[in-house]
Amino acid sequence: MDAPDFDELQWMVQQEEEWIEHHEDEFSRDMHDSLGFEAEPSEPEFPHSAAGVVKVLPELQYNAGEKRPLSTEQELDPCKKVRTSDGVSFHDSVNNETLGKDPFSPKESEWSPTSPLEEISETSVNVDSKLPVRRLAAIKGNFMPITSPSGDRVYADVKEIEKTSDRLQSIHGAGRNSKRGTGLLCEPFEVLLEQVEQNLLMQTSTSGDCQDVSENTMTESSAHEALWVEKYAPKSFTELLSDEQTNREVLRWLKQWDKCVFGEKRTCTSVDVLTALKRHPPMFQNRGIGGREGHNNSKAGWMDIKSNSSVDSNGGIRISEDRPEERILLLCGPPGLGKTTLAHVAAKHCGYRVVEINASDDRVATTLKAKILDAVQMKSVMGDLRPNCVVIDEIDGALGGSDGKSAIDALLKIAYAGTKEHALQENENDSAFVKKTSKKKTSSDSALSRPVICICNDPYAPALRQLRQMAKVHVFTQPSVNRVVTRLKYICNSEGYKISARALTVLADHTECDIRSCLNTLQFLNKRKESLNTLDVASQVVGRKDMTRSAFDVWGEILQKRKPKQGRFSGSSAYTFGNCGQQSKELIHLHDLLANHGDFELTNSGIYDNLIHVRYQDSSLQKTVQCLELLGDSEIMDHYALRHQNFILNVYQPAIVLTIRNLVAQPEKPFMEWPKTLQRFKVDYSAKQDILKSWMMKMQPATYRNFRADCLISDLISPLLSILAPQRLRPVASQLLSQHEKEELNDLVDTMIAYGLNYKMPKNGAESFSEASGPVLEPPIIKLIQFKDYQMEHRYFSSTIRQVLSHEVDLEIIRRESVARSSRAAASTASELKRHSVAEMQEVDVPPHVKPEDVMEAAVTSAPGVTDASTHKSIKATTAARPITKPASKPTVDPFAHFRRVSSCNNGKGNVDKDARTKNALAQRDARPIFFKFNEGFTNAIRRPVLVRDLI
Amino acid sequence: MLWVDKYRPHTLDKVMVHVEEAQQLKQLVSQGDCPHLLFYGPSGAGKKTLIMALLREMYGSGAEKIKVENKPWKVEAGSRKLEVELTTISSNYHVELNPSDAGFQDRYVVQEIIKEMAKSRPLDVSGNKSFKVLVLNEVDRLSKEAQHSLRRTMEKYSSACRLVLCCNSASKVIEAVRSRCLNIRISAPSKEEIMKVLQHVAKKEGLQLSSSFAARIALASNRNLRRAILSLEACKVQQYPFTEDQPVQTTDWEQYIVEIASDIVNEQSPKRLFLVRGKLYELLVNCIPPELILKRLLLELMKKLDSELKHEVCHWAAFYEHRMQLGQKAIFHLEAFVAKFMSIYKRFLINTFG
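Those sequence lines, one after another, are chains A and B. In terms of full-length UniProt numbering, the numbers along the first sequence are unbroken and rise by one, the last being 952. In terms of full-length UniProt numbering, the numbers along the second sequence are unbroken and rise by one, the last being 354.
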């Protein structure tokens, strides 16, 4: 051991002071690292075994460098540490204090250790900068004299570092300290060596394992009153309280991912690791739970190692097709049965890092998608190399509403994307690492490569419907009371809380085996230094869980009388309620059940629908009457509450239901079905309302105003249907009818139009209501008087008459329209002509309005003129009439004739006049060239021969 | 065109029933001013006819040129925006609407739409009337809130607008609204009046209608004039010339209720009750008002009942009808009535026949 150079020391002091200012945190970390191995070679008892020390050292260094490991237990030794800025090394002081009797120690205390280690040791000590003092008086308590090479004598304050310093605690593998306290140096070297090996193992297995760390801290911080729920949360697979079957199923599902996630088939663990594990089981027993658990834990560790190695060896995540059929696991069940715990434990067991997304996170579709993709496609760069396993907790709660649905959709899309595509998988291997840039691209087509576990309370939440179909669903059932009690008992014992098994049983019963609430209750009582007696459970001391049951459960409870069940209410009822305790207890239970369920409307309609299936003794129907009356009461109250926003009235709703129960409940299980009648009624009702509305809108205004909707239904429809089907109408073409019959037909058509009815061909043909297929009344008002089991007496026309009628109605409608249109057109042309003729009047002496009026008349008469059936004709007539009115408005041809006649009549007008007029006319003609359009077919317009010369 | 529409009197002079009321209305109009009016009376008594004739009296034949519009109204209710779809019948002088169509949003119809309509004066200044008329149908179906909002509107805009309210039962219109209107009760026409009208129609149509047959139709119509004329026409279509034993057609739903009544009387058991429930649902589905069902059912049951039970059954019918008004799900109360009847009837049978 060389003595350090004085200059070197000086320099170091300076350096350190600077460092302290800037890098204090780094230092502290460094210190821990270095401490880890620094202590090893400084074993003063075995200076001769330097070779062994050297052998160990590199490994440790490797560890420290590679992974910023948890430091070994040595630093946690409850030893005293010297804080100086001087060159006194840490381990020296340790030796000085603890091994004071050692003959070598005085010498070593004065000098730093071996030079190769010096630098690190120096830096490590100087965490707390406190310069040594020159005078002894300045130091209170323990001190240490130090002599520098120059001969100066200084005194250093010796301080004890608290064991539970936070920083240390957070990083160190706590919990291993207690046992090690003083033992380190008392053990033979071989043991130490083994321990070093173990440490190595531990570090690889738990490196960066946040779960482990937090676990450990939890155990350690019992002094700070961790919640028992967390403290005693199952940490290994066998500790789980949920039933074996579910556990195994979940585990198997997770295991199915192995090939996909870890790539190659796992080989057996290497022999040396196994033997190492076997050699040191006690190391894992520090939780004091027993060998079994320790074994399990080590198993978990073994998995972890493997997962690491496989990932490392592959250099990437291999995606294969070996994933379970259902990509998502859905765990559901009432709260407090350990769903989340199971998910975590199982994931850990299989070597996954759990990425939890719970209700506290923002979970709209986009963020959820991003999060899942992140978790699924990436892995942690820092430390933890285990693959991720996504646990989406409370998926039913915060995901409600339309947002939830889209979020679920996104989830499913991710999960089942790329199930058909194999080609893209090569790319994915890379993309998992280069994700940031290529995420957009891969997100759409990459297949899910990591397990996703969803957890919910109510699997039948509407938002989960799709998920339920696609995922593997596991429903948790209540664990047996015995199991819960055993566990509770164990926890109470380890906490030193005395409680009788009986009380625990009552508690478990009361909370319906919700272990979380049991533990919380127990802890609460423990804190208050109270003991739990059976009375407490029933009284208010123990909070009762808000249980919501499905509607079916509620109806079942109401309509089925339970046999008095031992144990369930036997607890305290005798104390409180005397003889009738059992009953009133049950009543209270039911009341709570109803009140918690909340949806009284649903409850009521369920009871209403299922009442008929209950076989109760009721000869004079008294009970039925009462039940219906009660339901009516409830309904009135509900309506009132809604109407007046006075929901406090709902407090009384359970009482009504309980009364009904009292009246009708029977011991045997009634047949139950979901109340559909009311729902169906609503659907049908609104369908018929729609028919009614559409009918009313089709009516003509004059008819419409005379009827209200309910008058139509109650008064009009039936007579109308009779009126629309007169007996005497012969099924012949309308031309063959007599005058009287024609009038009747016209009346009928008129009525049908007024009421907006017509016979139309049914769209799919299946809906024909009468004997023969054919046109049916549209809108289908016939449906408004159709009742089940009721034979209508209305006569229907044969399909021929219906066809004739349909035709007639169509015709009449067109006729009326065309009349209206032509009268409008006539009105407009008339006004136009008027303007024209006035203009002409100013130009021409003789007004040319004679002809236009003729044409107009023709147009008007032509429309009604074609009364004979065919629509084509009437349309053509109107179209034919139009082109004629147009040229007529320009007096090109006729004015000449007129003019000739006029001019011949009164020749008194001069030639000049005539010339001017012809000129005028020619100019007009040139200005508006004539287009001749020949329409093929028949026209009613006036025809006369025209010479082409006249036209041009 | 149906006779109901064809022979509807268009002027106040031509009305055949409620002549007195018509004359009073005419007098009212002739004085130039008119208060708000509330017409009430059973269905088929002639309220609408009188209102239309009144409008014609006020504005001449221009009031008969009407158009039907069905459009959504945008209403701002507090912070949110509602869209209420409403059908209106309007002429140049009046607007007719049915605010209860808006359901639970009727309040907004009254508060916003009616107010908006009432605010604006009629454009036509040449007309001698300086106000326009708003006809509100089925006021008794309006919620209380809507009726309360109506009363201030009635006062505030009375200079530009007159309200004509029309309803079946005045008791469902709040006192405040009733006191702001001139209430005109349109009673159901008596059997004789109906017969007179039927004879009048028959004469116009050139039909031979014996008074006994007319009496039968009038009786079957249950003092509902519209029903009477419709069944006259239906009878005529069925068979003419009329014979004395010709059946007068009833409506289908009434037939169905007859069936239900016989079902009830034939057997009293929960099973039968279940059957009846299904049939009642059928009626309700077909948009038949539950009050009408209950009333009809009672009448049908009465026919088959021993006289000593009638009083009790009537009492219960009234009881459940009242509860029906309070509640929302009519089926509960209808069925409760049926069950009650069964119970009473069964007890009676056991007591009487052992």
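To be clear, the hints were calculated from the coordinates, so they are not data collected in a lab. By construction, the Cβ of each residue, glycine as well, lies at the ideal position given by its N, Cα and C atoms. A couple of the hints might just be wrong.
To be verified - Chain A is faced by these chain B residues, among others (derived, beta-carbon under 7 angstroms):
| no. | residue |
| --- | --- |
| 1 | Lys67 |
| 2 | Ile113 |
| 3 | Met117 |
| 4 | Thr251 |
| 5 | His333 |
Stated by the list, open to error - Using C-beta positions, here's what the derived DEER-type ranges look like:
| no. | chain 1 | residue 1 | chain 2 | residue 2 | range |
| --- | --- | --- | --- | --- | --- |
| 6 | A | Lys489 | B | Gly278 | 39 to 45 angstroms |
| 7 | B | Pro289 | A | Ile813 | 31 to 37 angstroms |
| 8 | B | Tyr240 | A | Ser620 | 19 to 25 angstroms |
| 9 | A | Ser620 | B | Glu145 | 40 to 46 angstroms |
| 10 | B | Gly32 | A | Ile813 | 38 to 44 angstroms |
Do the hints match the structure? See the list:
A cut of 7 angstroms between beta carbons decides the hint on Lys67 (chain B): the least distance to chain A is about 6 angstroms, and the hint holds. Residue-level restraint check for Ile113 (chain B) is violated (minimum Cβ-Cβ distance to chain A is 19 angstroms; threshold 7 angstroms). Taken as an interface hint, Met117 (chain B) does not check out: its beta carbon lies about 17 angstroms from the nearest beta carbon of chain A, beyond 7 angstroms. Taken as an interface hint, Thr251 (chain B) checks out: its beta carbon lies about 4 angstroms from the nearest beta carbon of chain A, inside 7 angstroms.
With 7 angstroms as the threshold, the beta carbon of His333 (chain B) comes within range of chain A, its nearest partner Cβ sitting at about 5 angstroms, so the hint holds. Checking the proposed 39 to 45 angstroms range against Lys489 (chain A) and Gly278 (chain B) shows it is violated: the Cβ atoms sit about 58 angstroms from each other. Between Pro289 (chain B) and Ile813 (chain A) the CB atoms are about 33 angstroms apart, so this pair conforms to the stated range of 31 to 37 angstroms. Evaluation of the 19 to 25 angstroms hint for Tyr240 (chain B) and Ser620 (chain A) yields a failure: the beta carbon distance comes to about 52 angstroms.
A hinted range of 40 to 46 angstroms for the beta carbons of Ser620 (chain A) and Glu145 (chain B) is consistent with their spacing of about 43 angstroms. A C-beta distance of roughly 43 angstroms is found between Gly32 (chain B) and Ile813 (chain A), which places it inside the suggested range of 38 to 44 angstroms.
Comparing the model with each numbered hint stated earlier shows that hints 2, 3, 6, 8 do not hold.
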